[in-house]
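Q: Each protein sequence line maps, in turn, to chains A and B. Per the working numbering, the very first residue in the first sequence carries number 1; after that it's consecutive. Per the working numbering, the very first residue in the second sequence carries number 1; after that it's consecutive.
Just so you know, not all the hints are guaranteed correct.
[To be verified] No more than 25 Å apart at the CA atoms, straight line, and that leaves these computed lysine to any residue pairs for SDA-like:
#1 B:K174 to A:D15
#2 A:K69 to B:G69
#3 A:K153 to B:R56
#4 B:K17 to A:I24
#5 A:K69 to B:F21
#6 A:K153 to B:A125
#7 B:K148 to A:Y56
#8 A:K69 to B:H44
#9 B:K17 to A:M71
#10 A:K69 to B:F61
#11 B:K148 to A:V21
#12 A:K69 to B:R20
#13 B:K174 to A:M30
#14 A:K153 to B:G63
#15 A:K69 to B:F64
#16 A:K28 to A:A12
#17 A:K69 to B:K174
#18 B:K17 to A:E121
#19 B:K17 to A:V138
#20 A:K153 to B:R59
#21 A:K69 to B:K17
#22 B:K174 to B:G159
#23 B:K17 to A:Q139
#24 A:K69 to B:R56
#25 B:K148 to A:E25
#26 B:K17 to A:A93
#27 B:K148 to A:V40
#28 A:K28 to B:A111
#29 A:K153 to B:R70
#30 B:K17 to A:S140
#31 B:K174 to A:D4
#32 B:K148 to A:L18
#33 B:K148 to A:I24
#34 B:K17 to A:V21
#35 A:K153 to B:G66
The set of hints was computed from the structure by calculation and includes no laboratory data.
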Amino acid sequence: MSCDDAQMLLDAYVDGELDLVRGIEIEKHMEGCQACARSVENLRALGSAMRSGGLYYQPPASLGPRLEKAMQRAGRSERRPTRFGWQIIALAASLLLAVYVVARMNPGIPHDASNNLVAQETLDSHLRSLMPGHLTDVQSTDQHTVKPWFNGKLDYSPPVTDFAPQGFPLTGGRLDSLSGRAVAVLVYQRRQHLINVYVWPAPGSADASVGESVRQGYNLLHWTRAAMNWWVVSDLNLDELKGFTNLLRAAPASAPAAP
Amino acid sequence: MLGLVEQERASVQQQSKLARFELSVVPHMGAAYNLARWLTRNDHDAEDVVQEAHLRAYRFFDGFHGGDGRTWLLAIVRNTCYTWLQQNRKPTLELEEEIPELDSGRSNPEALLLRSVDSEMLRQALDDLPVEFREAIVLRELEGLSYKEIGAIAGVPLGTVMSRLARARSRLQKALRGNARQGGAT
Chain A
1 MSCDDAQMLL DAYVDGELDL VRGIEIEKHM EGCQACARSV ENLRALGSAM RSGGLYYQPP
61 ASLGPRLEKA MQRAGRSERR PTRFGWQIIA LAASLLLAVY VVARMNPGIP HDASNNLVAQ
121 ETLDSHLRSL MPGHLTDVQS TDQHTVKPWF NGKLDYSPPV TDFAPQGFPL TGGRLDSLSG
181 RAVAVLVYQR RQHLINVYVW PAPGSADASV GESVRQGYNL LHWTRAAMNW WVVSDLNLDE
241 LKGFTNLLRA APASAPAAP
Chain B
1 MLGLVEQERA SVQQQSKLAR FELSVVPHMG AAYNLARWLT RNDHDAEDVV QEAHLRAYRF
61 FDGFHGGDGR TWLLAIVRNT CYTWLQQNRK PTLELEEEIP ELDSGRSNPE ALLLRSVDSE
121 MLRQALDDLP VEFREAIVLR ELEGLSYKEI GAIAGVPLGT VMSRLARARS RLQKALRGNA
181 RQGGAT
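Chain A extracted, bound-state conformation:
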């Protein structure tokens, strides 16, 4: 290695950023080149002077509380809907309550109405997820990556199974919110069609068989099993989506942990 070549790499050498082979070449070169050896010594001396010189600026004690305040202000204003927004929310909420009350008072009426609301919310969420950059928080085709990713983000652990062998590869997952609660969303793919699978706990709910509906050209399937609510949304044709649903329902409630 020529001295010019070596000089170019001395900083990277001192910073430990050279690969092993080039690092050894530099060391060999320095055995015969006093100038480079001294340059390295100087670089090291400068580095240690910088690190030991008390040059790191510590934030003032007041900065933490100041940030916290600013964040809370920002957090409130970010989610605060306009007055019109509040009216819509209030309307939706009273509708939800009315549906709930009716459903409770008259058990003869199935939960179709409340399912309608969830269906619309699920579909809205599905459509939102199709916008660029919204589909996945964790992108992975590995169920053992996707499942642990939800740890600490939810108060439950969703069952995650990859169905790539059956032609429905898992492409990732994300957090979303439905009816005001955080839910796990698993994202699968079938050719160019995306499938969003929403899973959240339904404590105390009886198992319900698959209900299906069509909204705005999208197929929605939902069921309750082992105290979990499942909603599946896609523009995939109904037959294939039903096939996929059967796979989901046949999968173990909790995928085995990574070996």
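Following the hints, complete the assembly by docking chain B onto the known chain A.
A: Then chain B, alone, in the frame of chain A:
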């Protein structure tokens, strides 16, 4: 009353986002302040920049897909600083290709001199560096970041990180030598 329920729900969601933010981003406030302080060269400005950067980070937090919160935050701090520098001062954009003097280090005592350099002198020499060089050397020596991380923060390729660091160090050594000579003369 229903409005209250909704309000509560919204605030619960908000709190969980805030909680995640506090877990993965806020712990790096010290690093954020150090970088902002070095780039703005002023206490008050550094605090303002850090606050602005945290607000920006929070706004973009939905796009943060896990990973290293420090690098992510520092990139935002850096960009906030540059915006601030553009608005408030003439940025010191001295990026002329200056071939670093290849000091052969014939003066062997130089390493000794560098090792014992006064930290005030070093601080001054750092402050005098062009901002691109300053950020590279601060991130490397004070934050201990890799070339790759520095490149990600500054938005430049590895080769540029390497040459900025080399030139930053060469300038620092030159400045400190000059100071030492002056000091010796008086």
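Q: All hints are to be evaluated individually against the structure, with a verdict given for each.
A: Hint by hint, here is what the structure shows:
1. B:K174 to A:D15: Answer holds: K174 (chain B) to D15 (chain A) is near 20 Å, not above 25 Å.
2. A:K69 to B:G69: holds, 21 Å
3. A:K153 to B:R56: Holds: K153 (chain A) and R56 (chain B) sit about 22 Å apart, inside 25 Å.
4. B:K17 to A:I24: This hinted pair is violated, its Cα atoms lying about 48 Å apart.
5. A:K69 to B:F21: holds, 14 Å
6. A:K153 to B:A125: This hinted pair is violated, its Cα atoms lying about 46 Å apart.
7. B:K148 to A:Y56: With a Cα-Cα distance of about 21 Å, the restraint between K148 (chain B) and Y56 (chain A) holds, given a limit of 25 Å.
8. A:K69 to B:H44: Holds, at about 17 Å.
9. B:K17 to A:M71: holds, 11 Å
10. A:K69 to B:F61: Roughly 18 Å between the alpha carbons, so the hint for K69 (chain A) and F61 (chain B) holds.
11. B:K148 to A:V21: OK: K148 (chain B) and V21 (chain A) at ~19 Å, within 25 Å.
12. A:K69 to B:R20: holds, 16 Å
13. B:K174 to A:M30: holds, 22 Å
14. A:K153 to B:G63: Given that 25 Å is the threshold and the Cα spacing comes to 16 Å, the pair holds.
15. A:K69 to B:F64: With Cα atoms ~22 Å apart, K69 (chain A) and F64 (chain B) stay inside 25 Å; holds.
16. A:K28 to A:A12: holds, 16 Å
17. A:K69 to B:K174: violated, 45 Å
18. B:K17 to A:E121: Answer holds: K17 (chain B) to E121 (chain A) is near 20 Å, not above 25 Å.
19. B:K17 to A:V138: It holds: about 16 Å lies between the C-alpha atoms, which stays within 25 Å.
20. A:K153 to B:R59: Holds. K153 (chain A) to R59 (chain B) sits at ~19 Å (cutoff 25 Å).
21. A:K69 to B:K17: Given pair K69 (chain A), K17 (chain B) holds - Cα atoms ~15 Å apart, limit 25 Å.
22. B:K174 to B:G159: Distance of about 23 Å is within 25 Å: holds.
23. B:K17 to A:Q139: holds, 20 Å
24. A:K69 to B:R56: holds, 15 Å
25. B:K148 to A:E25: holds, 22 Å
26. B:K17 to A:A93: holds, 23 Å
27. B:K148 to A:V40: This hinted pair holds, its Cα atoms lying about 22 Å apart.
28. A:K28 to B:A111: Cα-Cα ~21 Å, so holds.
29. A:K153 to B:R70: holds, 20 Å
30. B:K17 to A:S140: With Cα atoms ~22 Å apart, K17 (chain B) and S140 (chain A) stay inside 25 Å; holds.
31. B:K174 to A:D4: Within the cut-off at roughly 20 Å; holds.
32. B:K148 to A:L18: holds, 12 Å
33. B:K148 to A:I24: holds, 22 Å
34. B:K17 to A:V21: Distance ~46 Å between K17 (chain B) and V21 (chain A) Cα, so the pair is violated.
35. A:K153 to B:G66: Judged against 25 Å, a Cα distance of about 12 Å means the pair holds.
Checked against the numbered hints given earlier, this structure breaks hints 4, 6, 17, 34; the rest are met.
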